[in-house]
Amino acid sequence: MSDVIVDCIGVNTHFGAHHVLKNINLTVRPGETVGLVGESGSGKTTLGRAILGIGPISSGRIVFEGQDIGGVAPRDRKGRAASIQAVFQDPYTSLNPSMTIEDILIEPIVARGQAAKADAAAQVHKLLDQVALPKDAAQRYPREFSGGQRQRIAIARALALSPHLIVCDEPVSALDLSTQARVLDLFVEIQERTGVAYLFVSHDLSVVRHISHRVAVMRGGEIVEFGECDQVTADPQHDYTKRLLLAAPVADPVRQAERRAALRALSRGA
Amino acid sequence: MSAASTTPAPASAPGRESIVRSVLTNPLGLVAALLLLLVIVAAVFAPLIAPFAADDLQIFKINAPPGDGYLLGGDGSGRDIFSRLVYGTQNTLVGALIALSVAAAIGVTAGLFAGYFGGRREVVMSWVADGLMALPALIVLLAFYQSLGSSIHVSMIIFGVMLSPGFYRLTRNLVNGVKHELYVDAARVSGLSDMRIIARHILLVIRAPVIIQVSIVAGISIVIQAGLEFLGLGDPAVPTWGGMLQDAFANMFVVPTAILWPGLAISVTVASFVLLANAIRDRLQQGDRVATAPKIPAPAPHPVGTAPNDAAVLLDVRELVVGYPTKSGWTEVVKGVSLQLRRGEVLGLVGESGSGKTQTAFAILGLLSTGGRILSGSIWFDGRDIANLPESEMQKLRGKRIAYVPQEPMSNLDPAFRIGFQLTEPMVTVLGISKAEAKARALKLLARVGMPDPVRTYNAYPHQISGGMAQRVLIARAISCKPDLLIADEPTTALDVTVQAEVLELMRDLQAEMNMSVVLVTHNFGVVADICHRVSVMRDGRVVETSAVQSLFADPQHDYTKLLLAAVLDDVTPRVYRPVQAKEVSA
Amino acid sequence: MLSYLSKRLLSSLVLLALVTTLTFALVFGGADNVAQNILGDNATDQQIADLEAKLGIDRPLNEQYGTWVAKAVRGDLGMSWTMGESVSKILSGRLPVTLSMVVLAICIIGIVSALLGIVAAVRGGWADRVIQLISVVGFSLPNFWLGLILVVVFALNLRWLPATGYTDFLNSPTGWLASLALPVGALVLSGIASASQQVRGAMIDALRQDYVRTLRAGGIKPSSVLFRHALRNAMPAALTVLSLQFIGLLGGAAIIERVFAIPGLGSVTVQAALSGDIPVLMGVVVTMIILVVIVNIAIDLANAWVNPKVRL
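Residue numbers (the UniProt record's numbering), protein chains in the order written: chain A, 1 to 270; chain B, 1 to 587; chain C, 1 to 312.
If we strip away everything but chain A, and leave its shape as in the complex, we get (with noise of 0.2 angstroms):
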């Protein structure tokens, strides 16, 4: 019960004859944000729902604040383990367009018995307060918000069982670029307040950089670089790290053209 709120361990997972996610270790501090970068099919959604206990893994152990929480249903976790949360990727599918926002706020405290039901209406207006969304959200229906205010929602539901660790699932890449900008600082400021821990799972670097303390970068069910935010996003190691850096293009023209007869470069080395 230390510097480690979630150590996955040897972590390997199967789908029929392949192997998605390949002898996975990856450790998560206490009040830290690790992101995990990669393209599609690289494996970070399904490592993302295997600690949320919504994906299987094949052998290995996930161990939450000292208890081993791999392949264990999130309605059969105990303790802690049991307030683990997530925030997915696209607002307008994670949120159930026929219930009201109160309704879908306190159904993880439901869930979990914690509250009685006069107590969670106190417990939803301090839920949108810290998301910074009015009372009166409360009665109203997913439909009537922008994209922005309904992963404030969803951010808001994650937060209901005060949990330890938010798994974060591509959460701000389907927002527009002034509203991304506005729920990532929002993401920042909570953790900086609860001392919550992420893990946040994104394709694009830019994103992980601003949000994360450590990277982990993955291709083809491997982890092939894991280490500080800066050294990793700044100084890559790995050959993939770096041309995943330098084929981000970059706000800047000038430095654009570098970056792009770097990556020439790399290319033609490799």
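Honestly, I wouldn't trust all of these hints.
Unchecked claim - Simulated restraints on C-beta separations:
# : chain 1 : residue 1 : chain 2 : residue 2 : range
1 : B       : 558       : A       : 228       : 34 to 44 angstroms
2 : B       : 464       : A       : 10        : 31 to 41 angstroms
3 : B       : 68        : C       : 168       : 44 to 54 angstroms
4 : C       : 18        : B       : 281       : 33 to 43 angstroms
No wet-lab data here; the hints were simulated from the structure.
The beta-carbon is built from N, C-alpha and C at its ideal position, and this holds for glycine as well.
Knowing the structure of chain A, use the given hints to seat chains B and C on it.
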């Protein structure tokens, strides 16, 4: 991103708004509900409504014409047709109710379990359902008749079983669709049990479609039941609509009109069920209804200015306004956009979702979504105003002089045809070359866009290649007829970042090689910096700023441009980790 | 392909075995007074016992079923109890009649629904409203009632067509068409109602796909976009509907044949059901399942040809 402005919002389930109320506000729904109410009242209060008992016969009224106490005349045994119709209602509704309950109970339960849990159980249940559906129901009921006896109700139980696959398939497909929704994942993460997820999230979604199915199955049951009775398989002692039809059939040459009444009773009742189902369906589909033709006439377009006299300008869009019809009039999505594109130039059209950048691109192509119209402004292309050009004229330009590269590579290739066919088809159509010539060119093009094995790609179906390869194929197809102008709508957004770099590289090379003009729609400033010469920043249907790419990033003029550039996350200092003890944490 | 066919055949055999067993058990299990039914109320106990022994229904059920199966796999479906002929002979005489009617109906349903559905999907407007109307009317009018009305109007009043009976195609093609015009007319309405709706929906779906815009952007002719690309992608849905229609028509034929006194499978089924002629009923069930299996395999093959993603 940009797709959000063209695709309608996801159809929202009716939620807690009452389905009943929404059906009653639909005129046809109201009529159907009233008719059904009438039928139910007739069934319940039959003895009060019918002037005669069902078996009351008067010999001198055999096949009598209407009148003299017999409202609709007498049947072949001299009984009052009207009274028997009223009494027959009861039997009809009970039969339908039996079939319906059995079908729905079996089908929905099995569908819920098969859909939610999947696996081997689903395979077995689906096989049984397929088997049941492969049996002609009426034949089975006929075959069982001897052992089931003349009680139509037992037959209706069997019929209910035979109808249950309809409910099963419907429910299973709905559950399969919804169980991978992220909100079901979220509920699972919250710790909800499977049963509670089904009760809370899944039943909510399947409720309305199941009600529609109930309504339709009720109709089918009534028809089949009448059919069995018509064939003489019912209990002759019970007055039924089918039995009455049988009697009328026997006397058809004497009183042909007698076949009308029971048939009408059946048809009107069934039609009420169907109309009720339609009313509910209309309510559900309100979200994705296709825009109908505008009631308000669009203002007559008139050219803005004259053709640009600078021959180096290929495309000159002036004060373009694009609108879509809504109930309250034309809603403008592009509100006076002006753009200029020189030959051999790449113009970035950048903005957030809803800024009108994609609609501007589609307007240039003449391919606005259903109902969309250019309301005013001009699109001067190579000295000619192509805004509101007749479709036949536009078609001659597209592919040959103006080409298009879409956002989502996989959905933009026809899954039913080989890549080769899809590559050669435009060349054969537009350039009028032979198929063999087109094939030779297509193979060259595939090699040019970086396919490692052109012949293999040529013979592949779209689902056999990756997204990055599919985008290369689409680019190859777009440039196959050597267009002057290429409209690329977020051409790399759906791709992985390393593939994006390769595709951008390819587009840059091809553009330079062919000296093409390109309009590149994107939300990504990195892509803009990578490939564009000039940039127009769009917001809310207007261009707020146009400048050369270097000056846009070095010295943005408009506040909105500054705001967007500030939101770019390129240069942030990494966060510093301060260890905390998990135990101290509380929200 | 081969593995698909063998799987499909195996599953069909299992279906056939299950249904015949179930039918056999239910039909024979419930048939206590078959001999009484056949001989009439005046029969003596001795006569009944003799007949039961002759028909073999005094033996245990499983034994009877075993005998039936053993003969059936050799193509011998036994003797009819009431019609004095072998079941195979009865069925082979009646099958062509019903098939010719059903195939004609399916062709009409397919063509009319395709036309209506495509026009409604592309044009909307009047064609859309026609389809909406047909779907309600076609669904609500029982086909046998429609048949009766057609008889009254076209045979009794206008005297354009025969009210009843069947003329063999080989004897007189025009006579065949005249004898089937009314029954097929009564059969197709509900089929058109549901199939045209499905075609319309599938076409609208296909036309909404991204690749349609991209094809148009590539200068492909509208007719090619519509008939080559969209129609081909809408085909699987339409074919599936036709296979369900076929099954429905086999059942519907039973009543329609009765109305028009057509000597087909349907009318013999009704006759056998009312008189308790179990061998004939069993034969009908077997024939129907085999027909459905053949049609389903044909539809699957057609689907695989249209849709490259389907791997057989």
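Satisfaction of the hinted span 31 to 41 angstroms by the C-beta atoms belonging to residue 464 of chain B and residue 10 of chain A: holds, 35 angstroms
Supplied distance hint 33 to 43 angstroms, evaluated on CB atoms of residue 18 of chain C and residue 281 of chain B: holds, 35 angstroms
Distance restraint evaluation - residue 558 of chain B, residue 228 of chain A, Cβ atoms, bounds 34 to 44 angstroms: Between residue 558 of chain B and residue 228 of chain A, where Cβ atoms are some 38 angstroms apart, the hint holds.
Pairwise beta carbon distance, residue 68 of chain B to residue 168 of chain C, judged against the given window 44 to 54 angstroms: 48 angstroms Cβ-Cβ, so the 44 to 54 angstroms window holds.
Violation of the numbered hints given earlier is absent; every hint is satisfied by the structure.
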